[in-house]
Amino acid sequence: MNGHEICGWGRYPVITVEVHAPKVVSAMGGLLRDAAGSSILARGLGRSYGDSSLNDRVIETRYLDKFIAFDPQTGVLTSQAGTSLAEILRVFLPKGWFLPVTPGSRFITLGGAVASDVHGKNHHVSGCFCEHVERFEVMVGPDRVVTCSREQEPELFYATCGGMGLTGVILTVSLRLKTVTSAFIDQQTFKARNLAHSLELFEQNSRSTYSVAWIDCVATGQNLGRSLVMTGEHAADNKLDLPVKKSLAVPFDMPPGMLNIHSVSLFNTLYYNRVRGDMVRKRVHYEPFFYPLDGVLQWNRLYGKNGFTQYQFVIPKSAGLRGMSGILQEITKSGKGSFLAVLKVFGQENPNHLSFPMEGYTLALDFKIEKELFPLLERLDAMVLDLGGRVYLTKDVRMSAATFARSYRKIDLFQSVRERYGVNGVFASHQSRRLGLDL
Amino acid sequence: MKKVLVVGASSAIAEAVARIFSGQGAKFYLLARNSEKLSSLEADLLIRGAALVHSERFDINEHWRHEVMLNTVSEVLGGIDVALVAHGTLGNQQECEQSPDLALQELQTNAVSTIAFLTRLGNLFEKQGRGTIVVISSIAGDRGRPSNYVYGTAKAAVTTFCEGLNARLFKAGVHVMTVKPGLVATPMTEGLDMPKALLAEPEQVAADIVRAMEKKIDTLYTPWFWKYIMAGIVHIPTSFFKKLNL
Numbered sequence: 001m002n003g004h005e006i007c008g009w010g011r012y013p014v015i016t017v018e019v020h021a022p023k024v025v026s027a028m029g030g031l032l033r034d035a036a037g038s039s040i041l042a043r044g045l046g047r048s049y050g051d052s053s054l055n056d057r058v059i060e061t062r063y064l065d066k067f068i069a070f071d072p073q074t075g076v077l078t079s080q081a082g083t084s085l086a087e088i089l090r091v092f093l094p095k096g097w098f099l100p101v102t103p104g105s106r107f108i109t110l111g112g113a114v115a116s117d118v119h120g121k122n123h124h125v126s127g128c129f130c131e132h133v134e135r136f137e138v139m140v141g142p143d144r145v146v147t148c149s150r151e152q153e154p155e156l157f158y159a160t161c162g163g164m165g166l167t168g169v170i171l172t173v174s175l176r177l178k179t180v181t182s183a184f185i186d187q188q189t190f191k192a193r194n195l196a197h198s199l200e201l202f203e204q205n206s207r208s209t210y211s212v213a214w215i216d217c218v219a220t221g222q223n224l225g226r227s228l229v230m231t232g233e234h235a236a237d238n239k240l241d242l243p244v245k246k247s248l249a250v251p252f253d254m255p256p257g258m259l260n261i262h263s264v265s266l267f268n269t270l271y272y273n274r275v276r277g278d279m280v281r282k283r284v285h286y287e288p289f290f291y292p293l294d295g296v297l298q299w300n301r302l303y304g305k306n307g308f309t310q311y312q313f314v315i316p317k318s319a320g321l322r323g324m325s326g327i328l329q330e331i332t333k334s335g336k337g338s339f340l341a342v343l344k345v346f347g348q349e350n351p352n353h354l355s356f357p358m359e360g361y362t363l364a365l366d367f368k369i370e371k372e373l374f375p376l377l378e379r380l381d382a383m384v385l386d387l388g389g390r391v392y393l394t395k396d397v398r399m400s401a402a403t404f405a406r407s408y409r410k411i412d413l414f415q416s417v418r419e420r421y422g423v424n425g426v427f428a429s430h431q432s433r434r435l436g437l438d439l
Numbered sequence: 001m002k003k004v005l006v007v008g009a010s011s012a013i014a015e016a017v018a019r020i021f022s023g024q025g026a027k028f029y030l031l032a033r034n035s036e037k038l039s040s041l042e043a044d045l046l047i048r049g050a051a052l053v054h055s056e057r058f059d060i061n062e063h064w065r066h067e068v069m070l071n072t073v074s075e076v077l078g079g080i081d082v083a084l085v086a087h088g089t090l091g092n093q094q095e096c097e098q099s100p101d102l103a104l105q106e107l108q109t110n111a112v113s114t115i116a117f118l119t120r121l122g123n124l125f126e127k128q129g130r131g132t133i134v135v136i137s138s139i140a141g142d143r144g145r146p147s148n149y150v151y152g153t154a155k156a157a158v159t160t161f162c163e164g165l166n167a168r169l170f171k172a173g174v175h176v177m178t179v180k181p182g183l184v185a186t187p188m189t190e191g192l193d194m195p196k197a198l199l200a201e202p203e204q205v206a207a208d209i210v211r212a213m214e215k216k217i218d219t220l221y222t223p224w225f226w227k228y229i230m231a232g233i234v235h236i237p238t239s240f241f242k243k244l245n246l
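So the protein lines, in turn, are chains A and B. Going by our numbering, the first sequence opens with residue 1, and the numbers climb by one from there. Going by our numbering, the second sequence opens with residue 1, and the numbers climb by one from there.
These are computed hints drawn from the structure, not numbers from a lab. Any given hint could turn out to be false.
As the list claims (entries may be wrong) - Calculated cross-link-like contacts (lysine-lysine; reagent style BS3-like; alpha-carbon spacing at most 30 Å):
id: 1; chain 1: A; residue 1: Lys333; chain 2: A; residue 2: Lys191
id: 2; chain 1: B; residue 1: Lys196; chain 2: A; residue 2: Lys95
id: 3; chain 1: B; residue 1: Lys196; chain 2: B; residue 2: Lys127
id: 4; chain 1: B; residue 1: Lys227; chain 2: B; residue 2: Lys196
id: 5; chain 1: A; residue 1: Lys239; chain 2: B; residue 2: Lys2
id: 6; chain 1: A; residue 1: Lys191; chain 2: A; residue 2: Lys23
id: 7; chain 1: B; residue 1: Lys196; chain 2: A; residue 2: Lys305
id: 8; chain 1: A; residue 1: Lys23; chain 2: B; residue 2: Lys127
id: 9; chain 1: B; residue 1: Lys171; chain 2: B; residue 2: Lys215
id: 10; chain 1: A; residue 1: Lys23; chain 2: B; residue 2: Lys242
id: 11; chain 1: A; residue 1: Lys305; chain 2: A; residue 2: Lys317
id: 12; chain 1: B; residue 1: Lys227; chain 2: B; residue 2: Lys243
id: 13; chain 1: B; residue 1: Lys171; chain 2: B; residue 2: Lys2
id: 14; chain 1: B; residue 1: Lys196; chain 2: B; residue 2: Lys2
id: 15; chain 1: A; residue 1: Lys95; chain 2: B; residue 2: Lys2
id: 16; chain 1: A; residue 1: Lys191; chain 2: A; residue 2: Lys305
id: 17; chain 1: A; residue 1: Lys178; chain 2: A; residue 2: Lys336
id: 18; chain 1: A; residue 1: Lys23; chain 2: A; residue 2: Lys95
Fair warning: this is a prediction, and the values are worked out from it, not measured in the lab.
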């Protein structure tokens, strides 16, 4: 099975590689044995944005998607790593269970969620995905599967959670689901005049289970950082029914020039003014609340055929308003306004070696890939580094090894664990080589 | 509570259909060649809500086991409401052209053994006087195309057999549905160069099958547009058809 074109969700870069998709777990050992001498990488649904799921030889886990065990007493679900979060919700929500943490797309696998240690709108209260993972099995070599938990092989556990697949192939994951009594979310939307107001609203709502803000990155001056701050709580109306809604799809690549400062500015103004009054309460289904973009299949085509990247950084709380304002100003000044800008307050950092979140503020923006973009992102990197922040590996496609080394502080620990299990260089990606983790 | 027999249970389409029925609390008897796939599917279906799942290693080419197997299934489940016959192999056409043995092997698995099995299955359903038999055939059986006419021959035989069986069993209250999937992204079709725009997911095909069973459709093209594509292809004059590389 040679010569398959693959890419991340940002559709940049697109590379031709060797793809293997084993039908049974027992075939995995043979694939690793065949790969001896060159590197290999497990890949789920390919929703990470950049090059973190790319390698010249990949193992797709899409057929390894079987539930293995579920304990209704504890809510612990054990499943093969290729199972998608969408499938878990489809089967378990009607029974009153929900994901403890979910990112903005449900079309990702359990294995990918662990490898990226994904976060969601409840990071400030529930932390990252892996904080709800009890244990997992990871194949570190053709004849060796290691069961990891916080008690058993803990170093490999902390390296693999957020480890971008660089410690082996995650085979199964045991995740603790949480109970809910409704498929609906009670949502509050606040209109924030500017960045200071946005951060203040986060502060006031720090006890809300879910919170996120959609920032208008085109607004400048007095309006810099104006946003809609949304909070949410699981409703308690005992309505667990599922939606029967068809998804829209973007049928073709957007022609160049459609997404420009005028169209984005218009969209943002309309979006912002959609909310009348200072605060609006609404009961919404969990799908539009957590996955507004999953409703538009293949929305990554909106950025045209050259693809796009999402730049997500975090800065410590101490850097606060001033730091965030500086970066936002740099972005608005560039005129490369993004369609999507999400602001969120993170809670505490976890002990995983390469996990992204730290206590502070995070902002995520999309940028169309074009030559002039890269110098801008370099400037943003420098600002983020000065403030003591870092950039999210799951979205990254261009960060330098030096920036990575300065911002992720447990790289040495991560590498020493990889060495101990003999997986360095064996499991690698385009990203890991770019960042200097592999040759 | 539906009692469901699945032959070729590890095929992607069968698995997706079984997952839908498991959500309705069905009882299953799963048959497939690969016991690792069977045991992982068994656990999966139970967690999804299946009331009972039995599974057993089974090769359709073991004709001598057909009768005993069917009696066992019927006894264990207490009758069969739905039998899904979904096993199959997609041999390499070029190799089949060079080796009559290989061509016959393909016909054996996809046609001869299937017909042998359906003969017994049909009689069992006739005796029951109820139930639905769903057979996965293929659009490949609609016309002999140079790229896969050996597989197509087997599927044409199965399609014709099922049409006759349906007309016979209808009088006994049994429904036989022939399913003709188009291009589906499954392990069987992996590595084939297929146009992405026409490619369906097994889940989509499975949902079509379940819907069509309820409506008692006789021949189901899935996804729907294949009905029109194949109607077009069937009507291409042979003098022109043979010049094409389909």
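Which earlier hints turn out false for this structure, listed by number in ascending order? 2, 3, 6, 8, 10, 11, 14, 16, 17
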